[in-house]
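Quick mapping for you: the protein sequence lines, in order, are chains B and A.
If you read the first sequence in this note's numbering, its first letter stands for residue 248, the second for the next number, and so on.
If you read the second sequence in this note's numbering, its first letter stands for residue 248, the second for the next number, and so on.
By construction, these hints were calculated from the structure, which means they are not laboratory data.
Any given hint could turn out to be false.
Chain copies aren't distinguished; within one or between two, either way the pair holds.
Lysine to any residue pairs mimicking SDA-like chemistry, simulated, CA-CA at most 20 Å apart [to be verified]: (1) Lys459 <-> Ala494; (2) Lys265 <-> Arg281; (3) Lys459 <-> Asp486; (4) Lys575 <-> Arg405; (5) Lys331 <-> Glu385; (6) Lys265 <-> Cys283; (7) Lys430 <-> Gly485.
For clarity, every value in this text was computed on a predicted model and none was experimentally measured.
There are 2 protein chains.
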Amino acid sequence: MKHDEQLPALSVDLGGTKIVAAVVGGGGQIISWRRCLTNIEEGTNAVLKRLFSVMDEVLGEAKLSPAELAGIAVACAGIIDMKKGVVTMSPNLPGFAGIKLRDIVASRFGVKTHLINDASAAALGEYYLGAAAGRSVENLVYLTVSTGIGGGIIAGGRLYLGADGCAGEIGHMVIKADGPLCKCGKSGCLEALASGWAVARDAKELLKGGGKSSILRLAGGKIEAVTAATVALAAREGDTLAQKIIADAAHYLGVGLANIVDIFNPELIVIGGGLAKMGNMLLDPARKAAKKAAFGLPGRTVRIVRARFVNNAGILGAAAYAFNQTQKEAGG
Amino acid sequence: MKHDEQLPALSVDLGGTKIVAAVVGGGGQIISWRRCLTNIEEGTNAVLKRLFSVMDEVLGEAKLSPAELAGIAVACAGIIDMKKGVVTMSPNLPGFAGIKLRDIVASRFGVKTHLINDASAAALGEYYLGAAAGRSVENLVYLTVSTGIGGGIIAGGRLYLGADGCAGEIGHMVIKADGPLCKCGKSGCLEALASGWAVARDAKELLKGGGKSSILRLAGGKIEAVTAATVALAAREGDTLAQKIIADAAHYLGVGLANIVDIFNPELIVIGGGLAKMGNMLLDPARKAAKKAAFGLPGRTVRIVRARFVNNAGILGAAAYAFNQTQKEAGG
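Let the sequences and hints guide you as you build the complete structure.
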């Protein structure tokens, strides 16, 4: 990301929970920044309106008109058809499925717009400016372990997008065939075993089965209010049922990481997302198990680290993507 | 592979069962060709001797001296450290683990030599000259379903090798955590569920358990003589136990293929190896299941086809790798 003399880009990360927007300079510096809740329950049109207004706000704060932008990049959760600029499906943004989001944004601002999967954008952000910055890394796999599990791939120093732009769905790699049903319709996906919703599901099932645990008290006595965060809190307090649930998730995360090591032989795996914060309980045992299970050579080579960015990997990576595309089109 | 005016390459594919060697011209034409058995039970030195003599033979037949070669490429089964030119481990060629095979070959012939994983080489062979030739393909995953399962990856039009050169171990992607033990030490690898040895293992276990089947008769009454080929033959004769074993393998192969589709979003998956011949019994149901299980967009995009080459994908791909490296070093 060495585009210091370049016009800035406007990038926005549209997720199921929150929207982050920023104007980003050619060197990766954040010129203006805003975050708001997505509130999908208000409907797709209301979300689009909020998306536009937060984009207007960061433009205004940066004192820029759309004509002064190198481009716009929208990072979005879901299966993206990059050729068509369409979100083909998105469990966390169901109302956006089938909508030509790229063209809608492009015509609202009159600026060349790119639509990219949020985890692919985050992979690029961590590659250029985050966990991989300053390291000799050509091959990186980014995994966001959050409510769901998303992935992005850097292969040979370039973002790997596949035929349509929707490569990297590592969360939906089946690691336990005939295992628990995933939201995607398959059974035994990594996401169905090691994500936030999987941890919450396990806790609810065990509590409903009469399991003794402080999880219920921490959730205000309501089983339906249990989240992965409640389970993590209970585990930290020493609750053995909660610790068992997280140990199981760590076991399966380790299986998934070992698969990534053996398939990609990467120098670096970067783990972002809310669950990555459970370092000693989740990430450390998963990392240890993965390095042990993988083949010797790639297992010794790989470093498995936490993401550098909490909120900004997506917008920084999306901006980098826009800069790269602008340069490509200019024949650079 | 457009190197018609280039010197030819000598390439050799060293597997656990057989050795194939050829002199290959810059356009991919095979100038001379030999095949022999590996006979690993005779020891590593005897295998090396046989390797050298078969290489001498194809050189002689092509009326070439080593000095007239663009380079030598050795495709070898196992986990290859390409930087060091060493086979770090190889279940099918255990005696070669730790041997500096690249340097040994280079000093025997006095020619620049490359060592590459056999399935990665085969991916390149199918990409340039086989199943992908003449098609608009940038992203291809090659899978050899044989005694074991190997893999090779073409990403964005280039061979993807990872940090050390050992990427692509798709056969050792765990798809059924806590499933049957694999030869690699992990449990529930694709190879432990859908390879030739897995099919033979299932048949032997069922027969030992008293299962009624024509497999035993076809194996000459000896359970230990049962192979995947025996099971395939029995299934073709209508034996229900054999058909069930192959249907199970197809189910798991489908799970693995769907993972490949969702992770790589490739235009093409190419399946080689002996078991690919069981088209209607193994490959067709696996392909159908994979396209159904994968996400809609990548599932519609991908074509899953049989490899074009039976014996020569490895030697052609290895030669292509040697040509590409020669060109790179010449700054081309």
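Hints and how they fare:
1. For the identical chains of this complex, Lys459 and Ala494 are intra-copy neighbours only, at 17 Å inside a copy versus 43 Å across copies, given an alpha-carbon limit of 20 Å.
2. For a Cα distance limit of 20 Å, the shortest separation of Lys265 from Arg281 inside one copy, 11 Å, qualifies, whereas the shortest one across copies, 62 Å, does not.
3. Only within a single protomer do Lys459 and Asp486 lie at most 20 Å apart by alpha-carbon distance; the minimum there is 9 Å, versus 51 Å between protomers.
4. For a Cα distance limit of 20 Å, the shortest separation of Lys575 from Arg405 qualifies both inside one copy, at 13 Å, and across copies, at 18 Å.
5. For a Cα distance limit of 20 Å, the shortest separation of Lys331 from Glu385 across copies, 18 Å, qualifies, whereas the shortest one inside one copy, 29 Å, does not.
6. When the C-alpha separation of Lys265 and Cys283 is checked against a cutoff of 20 Å, the pair qualifies only within one copy, where the shortest distance is 6 Å, while the shortest distance between copies is 62 Å.
7. Taking the closest pair of Cα atoms, Lys430 and Gly485 never come within 20 Å of each other, the shortest separation being 31 Å inside a single copy and 38 Å across copies.
Hint compliance for this structure: hint 7 alone is broken.
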